[in-house]
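S.K.: In case you want the letters, here they are:
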Amino acid sequence: MINLVFYFQVHQPYRIKNFSVLDIGKGKDCFDDELNAEVMRKVANKCYLPTNKLLLKLIDKYEGKFKVSFSITGTAIEQFRKYAPEVLYSFRDLAKTNCVEFLGETYYHSLSFLYDKNEFIDQVRMHRETIKKEFGFSPITFRNTELIYQDSLSDYIWEEEGFKVILTEGVDRILDWRSPLYTYKDWSKNLYMLLKFYSLSDDIAFRFSNKGWVEYPLTVDKFVKWILDLNLIEKGKKNLFLNLFMDYETFGEHQWEETGIFEFMHHLPGKALKSRNIEFAWPSDIIEKTNYQPESISFPEPVSWADMERDLSAWRENDMQYNALETFYDILSRVKASGNPELLEIARKLSTSDHFYYMSTKYFQDGDVHKYFSPYGSPETGYRNFMNAITDLEERI
Amino acid sequence: MKVLMFTWEFPPLISGGLGTACYGIVKGLLKKDVEVDLVLPTKEEVYFPLRKVTDVDDLPVKFISPSKEIEYSNTVFKTNTERFRYVGISSVPESYISVSEIQTFYEYFKNFTERFEYRTKVPFQEILNNIMGSESIFEKVKEFTLRAQRYAQTLEYDVIHAHDWLTYPAGIIAKTVSGRKLVCHMHATEFDRSGGAGDERIHKIEYSGMTEADSVIAVSRYTAEMVISRYQIDTGKINVVHNAHNIDIKNFEGRKRIFKDPVILFLGRITLQKGPDYFLEAARIILEKYPRVRFVMAGAGDMEKKIVHKSAKYRLKNRFLFTGFLNAAHVAEMFANSDIYVLSSVSEPFGIAPLEAMSYGLATIISKQSGVAEVIENAIKIDFWDVQLLADELIRLIEDPVARKELGEKGRHEVELIKWDKACEEIIKVYEKTIGRIEK
Chain A
9 MINLVFYFQV HQPYRIKNFS VLDIGKGKDC FDDELNAEVM RKVANKCYLP TNKLLLKLID
69 KYEGKFKVSF SITGTAIEQF RKYAPEVLYS FRDLAKTNCV EFLGETYYHS LSFLYDKNEF
129 IDQVRMHRET IKKEFGFSPI TFRNTELIYQ DSLSDYIWEE EGFKVILTEG VDRILDWRSP
189 LYTYKDWSKN LYMLLKFYSL SDDIAFRFSN KGWVEYPLTV DKFVKWILDL NLIEKGKKNL
249 FLNLFMDYET FGEHQWEETG IFEFMHHLPG KALKSRNIEF AWPSDIIEKT NYQPESISFP
309 EPVSWADMER DLSAWRENDM QYNALETFYD ILSRVKASGN PELLEIARKL STSDHFYYMS
369 TKYFQDGDVH KYFSPYGSPE TGYRNFMNAI TDLEERI
Chain B
576 MKVLMFTWEF PPLISGGLGT ACYGIVKGLL KKDVEVDLVL PTKEEVYFPL RKVTDVDDLP
636 VKFISPSKEI EYSNTVFKTN TERFRYVGIS SVPESYISVS EIQTFYEYFK NFTERFEYRT
696 KVPFQEILNN IMGSESIFEK VKEFTLRAQR YAQTLEYDVI HAHDWLTYPA GIIAKTVSGR
756 KLVCHMHATE FDRSGGAGDE RIHKIEYSGM TEADSVIAVS RYTAEMVISR YQIDTGKINV
816 VHNAHNIDIK NFEGRKRIFK DPVILFLGRI TLQKGPDYFL EAARIILEKY PRVRFVMAGA
876 GDMEKKIVHK SAKYRLKNRF LFTGFLNAAH VAEMFANSDI YVLSSVSEPF GIAPLEAMSY
936 GLATIISKQS GVAEVIENAI KIDFWDVQLL ADELIRLIED PVARKELGEK GRHEVELIKW
996 DKACEEIIKV YEKTIGRIEK
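Going line by line, the protein sequences match chains A and B.
For the working numbering, add 8 to where a residue sits in the first sequence, where the first one is 1.
For the working numbering, add 575 to where a residue sits in the second sequence, where the first one is 1.
Simulated from the structure, these hints should not be mistaken for laboratory data.
On a predicted model such as this, the values are computed, not experimentally measured, just so you know.
Glycine is no exception: its CB is placed at the ideal position from the N, C-alpha and C atoms.
Any given hint could be a false lead.
[Claimed, not checked] Derived, one-sided and incomplete: chain A residues facing chain B with beta-carbon distance under 7 Å:
no. : residue
1   : Leu30
2   : Asn126
3   : Asn331
Please model the entire structure based on the sequences and the hints provided.
M.R.: As structure tokens, then:
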């Protein structure tokens, strides 16, 4: 039996506006409300609303056999409330079906795990409370920002009450000869681990509309056949889990409606469920469904799902990123010590990993995903605005 | 007396260093009843007949073509900006950008416009077109020069005054057509701008301009020496007229504050010529000992990226900040919010910015390789390359706020006297000497 585990990441950062040295100390808001509202409304119309509607329809149609999971960041939920409340309502409608699992993560989609463990735990708890309040769901499964993971993370999460499962990337250099289709346990053997099956995930998320791809166009028949082929590796009766993890914005935003992405998703559950060897599962279902003793797996070095390297280099590679991160976490600790809740909220919005992603110079010449996502003309502009914004914060302590 | 003046920049629409200087000169001349017909690189064939002091801001326009002049005088404009758009004044200072810089700039902005999804692309596209147009800067100079004959034949004047290489060819044409005398004003040579040898084509234009000129005005002895040694221009026709400044602060209230800590300012284009890397190296030395100081690098330029990366590499945290390009109002605000100004230029023909900084009461450190060093007493003068000395002097000023304030105050009083009126008296003398007539 192969279980399809869909997890969709829903996230929107608070983008920073052009923030000059001369804006420092004037009590100006450093976030670009106008742009953030515009992006939110655009993505709501292109992705969140139509995809939620589609999923709701599919869940109704298959009466509980089709299930998915979401990780929705606190900054996304706040911006739904502010700019597109109907999106929040439609997620609540999905929650009511009991066919949707909500995952836990840091409220601000931050890199705090790497710099400030107390802040990390604070943000995880904030997020848990928000998910409980908004959707009546207490997360059992944890995924860190951008699937960043290393051994010590599972120990922190294990100490937090309620978490039993953790997700990360199925990185080849860690897996080696092992398959990401099996359930694993972390190095301390506390948490169940699910690993992203990146080739099939990325076939949907990145390659779906790529006309230069040999498999283009990706049809439901082809995809389901690939899934069934995967099932052949298991000769016994062990349950397999095909972990399809991707940005939710894949639907309608990264892959436009015209590419047929909605049609694909529309027909996938029906076709898959026709086979007696395929079921849909939540990440937390693996606790029940894993019918063998999972192997423990160690991640001595940090991994993530970003870029080809699948490491931290998307956020922490060049000097600007290092200097910005080090300065930011220094200021954050002083903001916390000052006990000013207003400043802490701003600081936490600035902790969102996207700000450091915009500073990446990795492929800036070639035109790639970093550029696609960045609201700034150059990594240096992103850096300048960020440094000025955190300096404003520092001056207000 | 009436002057036909060619220049590439003039505020408020464009305001590089050349524009600032020309504004001061023209205003000073008008005050002394010298009339100026100003020619700028406009899209339309127009000139600006400046007769009274207020004209320097109002910029009245006249078309060369009578039919167009009628059309223009029948058009109603709500704002000056609208009127300037009608005659097509470029809004980017090109003369202070080297040819290679234009290319970098172009690529930079192109990148910008392509990536900006959620915002209107239009303003950026406009900037882009202004920088590059469909032609290079030489094409624009060519076009400007081709028109010179029309201006020279249509207008009446006693002397021709051309500022910097971009307008020298036009000056030569006007001189040939009218037989009037030509004064070429040297604000910056290609050697200064490029921080090295620069573009040979520009050297040739500079050489022929100064050779054809009846008089050459250099903005400093530093520049005059360069004109003599590098271009071998006849020393007899070279006149030194130092630049001045326009800042007039009636009720000086002292420092404003953005930052609690002392602010050390670099303000200018971030290019090799301005020595931004020496400023950065000094900051690195100081921040090791004194983390409670803010360095601000204000401006834009082709070395900006490099300095940003280097400052991050040195882990100067948020103690070394960048402003990006600043407009005139922001420049004023930046001065008012700083404590110490540093001019770290490798080669600065004059350097008006330190005068402006001083008029805001900033303690000022200037490179000895500058023209402004010749006219200023109350500033600390150092060799641009002596980073350790720059750091030591800055530390002294950081540690001793009283001495810092005193230097700033003395400097402020000193530059109050360095106004364009005096410089213009000298310019008028050059005109009179050149045309061989003494007027009262």
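S.K.: Double-check Asn126 of chain A for me: the hint is only fine if its C-beta lies closer than 7 Å to a C-beta in chain B.
M.R.: violated, 22 Å
S.K.: Tell me if Leu30 of chain A is really an interface residue toward chain B, meaning its C-beta lies closer than 7 Å to one of theirs.
M.R.: With Cβ-Cβ at 5 Å, under 7 Å, it holds.
S.K.: Answer holds if the nearest beta-carbon of chain B is closer than 7 Å to that of Asn331 of chain A; otherwise answer violated.
M.R.: holds, 4 Å
Taken one by one, the earlier hints fail for this structure only at number 2.
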